[in-house]
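Asks: The residues making up each chain are set out below.
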Amino acid sequence: MNKSLILHFRPKMVDARALRFSMTFGLGGMALVLVFILFFTGLLLKFYYLPFPEKAHDSILYIRNSVLFGAFIRNIHFWSANFLIVITFLHFLRVFFTSAFHQPRGVNWIIGLGLLIIVLSFNFTGYLLPWDQLSFWAVTICTGMLEYIPLTGKWLQSMTRGGLEVGAPTLSIFFAAHTALLPGAMIILLPFHFWRVRKAGGIALSEIIDGDKEKYRVKAIPYLLLREVVTALVLIALILILSIIFDAPTGDKANPGLSPNPSKAPWYFMGFQEILLHIHPFFAVCIIPVIILIFLLVLPFIKYVSNSKGVWFISGRGKKSAFFSFILALVLSIIVVITDEFIPDFSAMLPGIPMLVSNGLIPCFIMALAFAIFYFLLNKIYRPDRNENVQAVFVFIFSVFITFMITGIWFRGSSMKLVWPWLLAG
Amino acid sequence: MADTDNKEKSNLQPSRRSFLNTIWAALGILAALELIFMVFTYLGRKKPGAQKEQSERLIDAGIIDKYPVGSVTANIMGKFYLCRMEDGGFIALSSKCTHLGCTVPWDDKGKRFICPCHGSSFDISGAVISSPAPRPLDMYPVHIENNTIIVDTGKLLKRNEFLKTQLVYTKKVSK
Ligand code: HEM
Ligand code: FES
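Those protein sequences? They're chains R and Y, same order as listed.
Residue 696 in our numbering is what sits at position 259 of the first sequence, and the numbering runs on without skipping anything.
Residue 121 in our numbering is what sits at position 119 of the second sequence, and the numbering runs on without skipping anything.
If you are wondering where the hints come from, they were derived from the structure by calculation, not from laboratory data.
Fair warning: there could be bad hints in the mix.
Said to hold, decoys possible - Derived pair list, reagent style DSS-like, types lysine-lysine, alpha-carbon separation capped at 27 Å:
id, chain 1, residue 1, chain 2, residue 2
1, Y, K111, R, K854
2, R, K591, Y, K48
3, R, K690, Y, K49
4, R, K690, R, K483
5, Y, K49, R, K483
6, Y, K111, R, K701
7, Y, K81, R, K690
8, Y, K160, R, K591
9, Y, K157, R, K591
10, R, K492, Y, K160
11, R, K492, Y, K111
12, Y, K68, R, K591
Keep in mind that this is a model prediction, so the values were computed, not measured.
Please take these sequences and the hints and turn them into a complete structure.
Replies: See the structure below:
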């Protein structure tokens, strides 16, 4: 009975090629290890943390300063949470670039997107809990974005804030989400995710053209298990070392009357924040994210011309066209960031027409034009097939996002003006 | 005869069964909708502590002589600025940036509000000088009774542009 339950998730035999580290980099497994660490340390933190504005910050200081191993547990929770975002994102990239989202793994890709959203929500709700200046204003800004979603925005905002402003109700809602709602959702989705991997016959691998598949079969125990345990141990060691050396930040207690300058979103939302600086919030928080989400959702259901499963970057031409897209998007987004800093914005140049047009439609039109030129060049130079085209578009979007994120994290200083990273500190 | 009878029965049975199934399904959906409705109604209520008491809402900002023309005075209690234009008109501005809600400080040298978060700026009437803020600072109703200024912080007023009519004058000046 027990054994058969485990067998729903774990195979007896696996394909030896799946075990090569460069196939998956063990990223999914690492994410799982981090989830376990987070559940465990989170549970421990819960014994001391108090989710009330007057008490939250003090209870964090208490954990840090007065509880034996308190700072250590908190650091582990902090580092694992940040690692989980990075690792989940890398796992997402690995799945994409090995075409592992092609059917029959489409449903699992969608479940994965759900998990990605859960991981981000976990981090975001957890960010508020220390109730310091950084977290208070980051949450104010991010929940402020909701207001620009048409029709449901106002409602969504008051649902997440529990009132007009970030305050005691917000903290209690975020605490409930972080410690009950999201863990519940995670516990439901994860086994589903693993079961789908198993059901698809293991992870995606290239097809064996001739010769017999059986030749590659090896026993899961010890071969798979050994690799998983080694990866897990290395990861745990890394987290422990980081937690000993670097403390999780604790800012000053939140002060609703004083926004620090600059007030930034948490680092993983910095890409969106950067878009917000350049165009009307309605496009930045509603139209653009929705387009990206739809693109990601339909990915598995596009008709692909070739079977590129298990092959990194599809082909030689796939690699080249992806690299081209990456560099082009990088250059374009740097140009956008810099020109927008030095020329007055469209609303100032074109007074009299609504901002939704001058700061929204016009920049979007320019972006669409840039994208069209990119797509034209791509097809002119490389003549990619359907698979490679989809990959190039993905890389283009991803490259803009990463460039914006890096700009936001390291190149934006006081009043969100551009600065060099070494002038940023302080 | 018996044969046709049987036939009729077997024809009837499935349709009756499927009719019952439809009812079951409909009842199930109804129950689910009720549950969802109940949960959302429950969650949609104001959370304790989210709304100001009546006594906290009306803020007495003192007599008008305290405010020289062209001045901006922060009211910490009510989280608003009381501004007096050059022509003597009053306006109470919310200190929340209309972009994403940071608190905007008044820069007395530059004569403008500058948001620390994404650099929007507003003039003394709350009108946008530079984006990304999409509209002027929100305002609160101002009442002047016996030369005393009362600001109703329970009622946030949004606007798309600054209009002269938004200013409040003492009776003497406006006549
Ligand atoms: C909490 C987050 C997640 C955990 C713990 C997790 C875990 C795993 C594990 C252990 C595997 C087995 C193969 C491997 O190690 O790469 C896997 C495969 C897979 N994951 Fe995830 N995952 C997560 C998030 C995601 C996300 C964000 C996506 C993409 C949107 C995704 C899509 C997939 C797909 C499509 C597969 C099948 C890949 C294949 O068959 O080659 N997962 N996941
Ligand atoms: S919140 Fe004030 S400019 Fe963004």
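Asks: Each hint should be assessed against the structure and marked as holding or not.
Replies: Structure-based check of all given hints:
no., hint, result
1, K111/Y <-> K854/R, "20 Å, holds"
2, K591/R <-> K48/Y, "14 Å, holds"
3, K690/R <-> K49/Y, "23 Å, holds"
4, K690/R <-> K483/R, "20 Å, holds"
5, K49/Y <-> K483/R, "23 Å, holds"
6, K111/Y <-> K701/R, "26 Å, holds"
7, K81/Y <-> K690/R, "19 Å, holds"
8, K160/Y <-> K591/R, "14 Å, holds"
9, K157/Y <-> K591/R, "16 Å, holds"
10, K492/R <-> K160/Y, "34 Å, violated"
11, K492/R <-> K111/Y, "38 Å, violated"
12, K68/Y <-> K591/R, "37 Å, violated"
Violated hints for the displayed structure, listed by number in ascending order: 10, 11 and 12.
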